[in-house]
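Enquirer: Chains as they are written, first to last, in the numbering used here: chain F, 1 to 194; chain B, 1 to 87.
Hints in this document: simulated from the structure, not taken from any laboratory.
Here are the simulated lysine-lysine pairs, DSS-like style, with alpha carbons at most 25 Å apart:
id	chain 1	residue 1	chain 2	residue 2
1	B	Lys40	B	Lys50
2	F	Lys44	B	Lys63
3	B	Lys80	F	Lys63
4	B	Lys65	F	Lys152
5	B	Lys63	F	Lys187
6	B	Lys63	F	Lys188
7	F	Lys12	F	Lys68
8	F	Lys14	F	Lys158
9	F	Lys76	F	Lys152
10	F	Lys76	F	Lys158
11	F	Lys63	F	Lys14
12	F	Lys44	F	Lys68
13	F	Lys53	F	Lys12
14	F	Lys158	F	Lys68
15	F	Lys152	B	Lys39
16	B	Lys80	F	Lys76
17	F	Lys152	B	Lys63
18	B	Lys50	F	Lys188
19	B	Lys63	F	Lys158
20	F	Lys44	B	Lys80
21	B	Lys65	F	Lys187
22	F	Lys68	B	Lys63
23	B	Lys39	B	Lys50
24	F	Lys44	B	Lys65
25	F	Lys187	B	Lys50
26	B	Lys10	B	Lys40
27	B	Lys63	F	Lys181
28	B	Lys80	F	Lys14
29	B	Lys65	F	Lys76
30	B	Lys80	F	Lys68
31	F	Lys188	B	Lys65
32	F	Lys181	B	Lys65
33	B	Lys63	F	Lys76
34	B	Lys50	F	Lys181
35	F	Lys152	B	Lys10
36	B	Lys10	B	Lys39
37	F	Lys53	B	Lys80
38	B	Lys80	F	Lys12
39	F	Lys68	B	Lys65
40	F	Lys158	F	Lys44
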Amino acid sequence: MEGSSRSQYSEKEKLTVFNNEFLPHINSMYNFGYRLTLDEDDAKDLVQDTYMKAYRFIESFQKGTNAKAWLFRILKNSFINDYRKKSKEPNKVDYQEVESYYNSDDVDRQITTDLRVEALQNMIGDEISNALNALDVDFRTVIILADLEGFKYDEMAKILDIPIGTVRSRLHRARNLLKDKLSEYAKKMGYKNA
Amino acid sequence: MSHLDNPFSKPSGEKVTCLEMLQVILDGEATEEQHLYFKKHMDACMPCYKSFELDMQIRQLIKSKCCGGQVPEDLVDRIKSQVNSIS
Ligand SMILES: [Zn+2]
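Take the sequences, apply the hints, and build the full model.
Expert: Next comes the structure, spelled out in structure tokens:
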């Protein structure tokens, strides 16, 4: 990226793009950072680092394309390459391994959850947030991207560097795992058949 | 719309399951035609109806409870001043 003479943007344009197209996504970015790291300070560092990289690599951002997806991709890569390496999480499995593990799983599980809407309606505290945070980070990520941020398969595939088919199966599995967690909470709350 | 031309049908002609239709809908990948078809389908299929309701409820909860609250005030300032210092 550096040393390129055919600059797409002037210095002034860079700042304009940064302020008008990148910064407005700060809320979503911070939330994504927080959901990945589960720590406010780490989330701040990750987001700041992401914005710095975005600025430095602004030449590779195509005007008129989806800035949010581009930023999310940088953040996710920073998380994997920098944050995960630094943190001493003991049981981090290789991406590849994780993939084959859940692609082989019961993707065709039928609609069998016994979780009930009535039980959910009583979850007015941190249950949903805790349930989401309890999922493995790869599953947590697809739920955030799809259900909170509304990204499509093709956008998620680009953000996560995985095939669309994997996005689909991972999302499916993530939803089932989330329901299992919520079901556990519901049982604790006294819903016998939840 | 006849049941024969299910807009969820796969090119292979293989029968599409309720679960598969539900996922296309939930994942926001459904066409308008598929939405209409599924809406009608839910009138007659209790498992789909219940599952759809449950998933929408969960999504609602996620949207109301997992949005991270406020971005720390100093974060935007930190980012802006760092960008200004390198530009
Ligand atoms: Zn059905």
